[in-house]
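Hints in hand, dock the two standalone chains.
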Amino acid sequence: MRPPSARVEVAAVNPRRGGAVLVTVLVACVLLLSAQAPSRRGRGTVLQAWFLSLSAPVAAAVGSVSHSVSGAVESTFALFGARSENERLRRELDARERELFRLRAEALQRDEDRRLLGAGSALPGVVGSVPILLLEQRAGSHSVLIGAGSADGVAPGSPLAVPAGLVGRVVTVGRGISSAQLLLDASAAAGARIARTGELGVVRGDGHGGLVLNNIATTSSVARGDLIESAGIDGIYPRGVPIGHVDSVSRGSKLFLEVRVTPSADFSRLTDVLLLAPSPATKEGAEAGRSAAR
Amino acid sequence: MKVRRIALLLAAAAVLELFVGRSPYRAFLPVDWFLLATAAVSRSGDFVRAVLTGATAGALEDALSQPMIGMNAFAKAMLGYALTIISVRVVFGGAFAVGAALFVASIANEAIVALLAALLAQAPVVIFTRGALWRAAATGIAGGALESARNFPWKEWWQRRRLRRLR
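First to last, the protein sequences are chains A and B. When the letters of the first sequence are read in order and numbered with the working numbering, they come out as residues 1 to 294. When the letters of the second sequence are read in order and numbered with the working numbering, they come out as residues 1 to 167.
Okay, chain B solo, but in the shape it has when bound (with noise of 0.2 angstroms):
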C-alpha cells in the first residue's frame, strides 16, 4: 500500500474517531476505526508498513485519549505484524473470518493497554468489561461489513441491473 493511501486511511481515521466520539449515538458506535486502519494496511501484506501503521495509529490515539502516549503504539504495533502474518499465512478471507480476527484483535489490544496501564501507572487491570466486548463486536462487525464491500462484484452487479432495466 502507498504512503499516500496510509496517512489518509490514518486521517480518515482520526476524523471517524472525532465524528463518532462528538455524537450523542457513540454508545452504539464504538468502533476502533484506527485498529480498521491498521488492519487494512496488514492486509497488503506488507510487515514493515503494518507495524509502522499500527504504531502511528496508537499514537494518535494515545495523544487524542490516552494519559500516556505510547501504550495504543505499542499494541497496535504488535497488532499490525500479527495481522500481517494471518494476513500472509493464514489462507482463509471472507467477512467472518476478517470480523472474528478484528474482534480478537481489539480484545487483544484491550489486554495489551490494560497490562501496560497496570505495570506503568499501577492502574489495576481491567480488560473484559461490557463497553470492551462491545467495542470489539462493534470493531469486528465493521470490518466484516467493510471486506464484504470490498469483495463485492459491484461492477457485474451494475451491469446485470442495466441489463434487467433495459429488458
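Pulled out of the complex, with its shape left as it was, chain A reads as follows (with noise of 0.2 angstroms):
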C-alpha cells in the first residue's frame, strides 16, 4: 500500500481553498434565500414542498419507530407504582366526570343560547386528528412538522388546534407531511377579541412561548384572567376558538394597552392535534395562486 502523500495532508488542511469553497457556498445560500423571499406570501416555497413529500417516508417511519419506543419506555415506567397510580387515576376520573357533567351542560346552554341568537356562526369544521413529527423552535420560529398531506386534505392556510385551544397553520403542503407555523412564532398573528367585553385585537407570539395582544385601548376594562379567543377576521383562523388567558396588562405605548396572554394550548405537550378546514378566504386565495402558477 502507498502511504498518502503530503500534498493531499496539506490540501486537507489548507485554509485558503475552504475559505474560497465557504464563500461559494454563502454566496449560494444568500441567493437561493433572495429567490425565496418576495415569492413567500406567508406559504411555503415549492422546493420545500417537493423535499416533504421526498421525506414522508422517511418521516413517517422514524416518527412511528419514536413513537413505539417511547410508548414501551412509557409502559415500563407504568409498571413501578402502577397502583398508587391506579388510585390516583380513579380519584382523577371521578373529579373528571363531575368536569364532563358540568361541561356538558354548559356546551347544551351555549348551543342553545347561539341557536336562540341566530348568530349563525358556523363551529370550526373538524377535519381529523394529525400527529407531530417535529417540534422545532429556533430563532424566535416555532414550527411543526404534521403527519398529513395534501392526500389526507391538508391545505395551505387550515388552521391546527388541540380542545384547549388555537395552536397554528399550515404554511408548507407536501404529499404525506406538511410543516406549520405555531402561533408562538415571533412572525405569527391572528385577529383576537376579549371574550367578556368584545373588543378586538392582534394575538402575536412573542417568540419566547407567550403571547401579545395589541391594538387594546388604553380605554378598556381588559382584566387579569380573561378569555381571549378567535375573531375570525383574519381570514385564516375561525371564530370563537380559545387562544389564551390574560396574564398581565400594562401601559404600552401612549395610545394601546400592552396585554400579555398565557396560551390555552399546552405547546410543551403537542402529540397530535385536530386539523380544521381552512376558512373560505384561504381556499380562494390558494386556488389564485394555483391559477396564476398555471
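In short, the hints are calculated from the structure, not lab data. Note that the coordinates shown come from a computational prediction; the quantities given were computed from them, not determined experimentally. Glycine residues also receive a C-beta, built at the ideal position from the N, C-alpha and C atoms. One or more hints might be untrue.
Said to hold, decoys possible - What the simulated footprint calls covered on chain A by chain B, stretch by stretch (three residues with Cβ under 8 angstroms from a Cβ of chain B suffice, anywhere in the stretch; the number is not a length):
hint : stretch
1    : 78-87
2    : 151-163
3    : 234-246
4    : 273-279
To be verified - A few chain A residues that face chain B, going by a derived Cβ cut-off under 8 angstroms, partial list only:
hint : residue
5    : Q36
6    : Q48
7    : E136
8    : V171
9    : H208
As the list claims (entries may be wrong) - Not close to chain A: a few residues of chain B, all C-beta gaps over 12 angstroms, as computed:
hint : residue
10   : L52
11   : A77
12   : G93
If you want it as C-alpha cells, here you go:
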C-alpha cells in the first residue's frame, strides 16, 4: 500500500481553499434565500414542498419507531408504582366525570344560546386528527412538522387546534407531511377578541413561548384572567376558538395597552393536533395562487 | 473523513432529529444533531468538507423545519469553517472544551439564523430565549459526552476487566 502523500495532507488542512468554498457556499445560500424571500407571501416554497413529499416515508417510519419506543419506555415506567397511580387516576377520573357533566351542561346551554341568538356562525369544521412529527424552536421561530399532507386533505392555511385552544396554521403542504407555523412564532399573528368585552385586537407570538395582544385601547376594561378567543377577522382562523387567558395588563405605548396572554394550548405537550377546515378566504387565495402559477 | 462516512453522519443526524422530534420527551433532548455532525467533520481538519457538510446539514434542517431554505445552511457552513479553524489552530481538547465550543457554536447558529430571518423575512430578532440556551447546553453536553466516549480507552478497560475476572 502507498502511504498518503504530503500534498494530500496539505490540501486537507488548507484554509485558503476552504475559505473559497465557504464564500461560494455563502453566496449560494444568499441567492437561494433571496429567490425565496419575495415570493413567500406566507406560504412555503415549491422546493420545500418537494422535499417534504420526498421525505414523507422516512419521517413517517422514524416517527412511528420513535412513538413505539417512547410507548415502550412509558409502559416500563408505568409498571412501577402502578397501584398508587391507579388510585390517583381513579380519583382523577371521578373529578373529570364531574367536570364533564358540568361542561356538557354548559355546552348544551351555549348551543341553545347560539341557536336562539341566531348568530349563524358555523362551528369550526374538524377535518381530523394528525400526529406531530417534529417540533422546532429556533430564533423565535416555532414550527411543527405534521404527519398529514395533500393526500389527507391538508391545504395551505388550514388552522390547527387542540381541544384546549388554537395552535397555529399549515404553511407548506407535501404529499404525506406538512409544516406548520405555531401561534408562538415571533412572526405569527391572529385576529382575536376579548370574550368578555368583545374588543378586537391582534394576538402575536413573542418568540419566547408567550403571546401578546396588541391594539387594545387604554380605555379598555380588560383584566387578568379574561378569555381571549379567535375573532375570525383574519381570513385564516375560525371564530370562537380559545387562544388563551390574559396574564398581565400594563400601559404600553400612548394609545394602546400591553396585554400579555398565556396560551390555552399546552405547546410543550403537543403530540396530536386537530386539523380544521381552511377558511373560504384561504381557499380562494390558494386557488388564485394555483391558477396564477398555471 | 470519507464522503461515505459524512453521508452516514448526516443521515443519522436527520433520523435522530425526527426520532426525538416525535417523542413526547423532546423538550428534554433539544440537541442540534446537525451541528454535532458538522463538528464531527470539522474535527478532522478538512476545511472544504466541513463547510460542505455544514451547508448540507443546514439545508436539511431548513427543509424540515424552517420557513426558508438556506438560513441554517448559511449559519452551519460558517460554523463548519470556524470549528475547523478551532480544531486545527487551537491546541486544546477534552470533553469540556468540545462541550463549550459546541455551546458557543449553537448560540452563534441561533444568532445568525435570527439575523437572516430579520433581514429577509422581517421577523423580530429573538436570540437568547430560554429554549435556545437549553438547546445550546444540551448540544454542548451531548458533544462533550461523545468526545469523552471517543477518547475513553475502551480496549484497556476491557482487558483490565477480563484480568480482574480471571484473578
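Cβ separation check - A77/B to all of chain A, threshold 12 angstroms: Label violated. Min Cβ-Cβ 4 angstroms, cutoff 12 angstroms.
Minimum beta-carbon distance criterion (8 angstroms), Q48/A to chain B: Because about 6 angstroms separates Q48/A from the closest Cβ in chain B, which is inside the 8 angstroms limit, the hint holds.
Exclusion check [G93/B not at the chain A interface, CB over 12 angstroms]: holds (17 angstroms)
When the least beta-carbon distance from E136/A to chain B is tested against 8 angstroms, hint result: Holds, because the Cβ-Cβ distance from E136/A to chain B comes to roughly 4 angstroms (cut-off 8 angstroms).
Interface hint outcome for H208/A [beta carbon to chain B under 8 angstroms]: holds (5 angstroms)
Per-stretch coverage check for the stretch 234-246 of chain A, three Cβ contacts closer than 8 angstroms to chain B: With 0 residues in contact (Cβ-Cβ under 8 angstroms with chain B), the coverage given for the stretch 234-246 of chain A is violated.
Interface hint status, V171/A versus chain B (Cβ within 8 angstroms): V171/A check passes; min Cβ-Cβ to chain B is 6 angstroms, inside 8 angstroms.
Claimed coverage, the stretch 151-163 of chain A by chain B - three or more beta carbons nearer than 8 angstroms: Not satisfied, violated; 0 residues make the cut.
Non-interface label on L52/B, tested against every C-beta of chain A at 12 angstroms: Since the minimum Cβ distance to chain A is about 7 angstroms, L52/B lies within 12 angstroms and the statement is violated.
Outcome, coverage of the stretch 78-87 of chain A by chain B - at least 3 residues whose beta-carbon is closer than 8 angstroms to one in that chain: violated (count 0)
Given coverage of the stretch 273-279 of chain A by chain B, tested with a Cβ cutoff of 8 angstroms and a minimum of 3 residues: Our answer is that it is violated, as 0 residues pass the Cβ test (under 8 angstroms) against chain B, missing three.
Hint validity - Q36/A Cβ closer than 8 angstroms to any chain B Cβ: holds (5 angstroms)
Hint compliance for this structure: hints 1, 2, 3, 4, 10, 11 are broken, all remaining hints hold.
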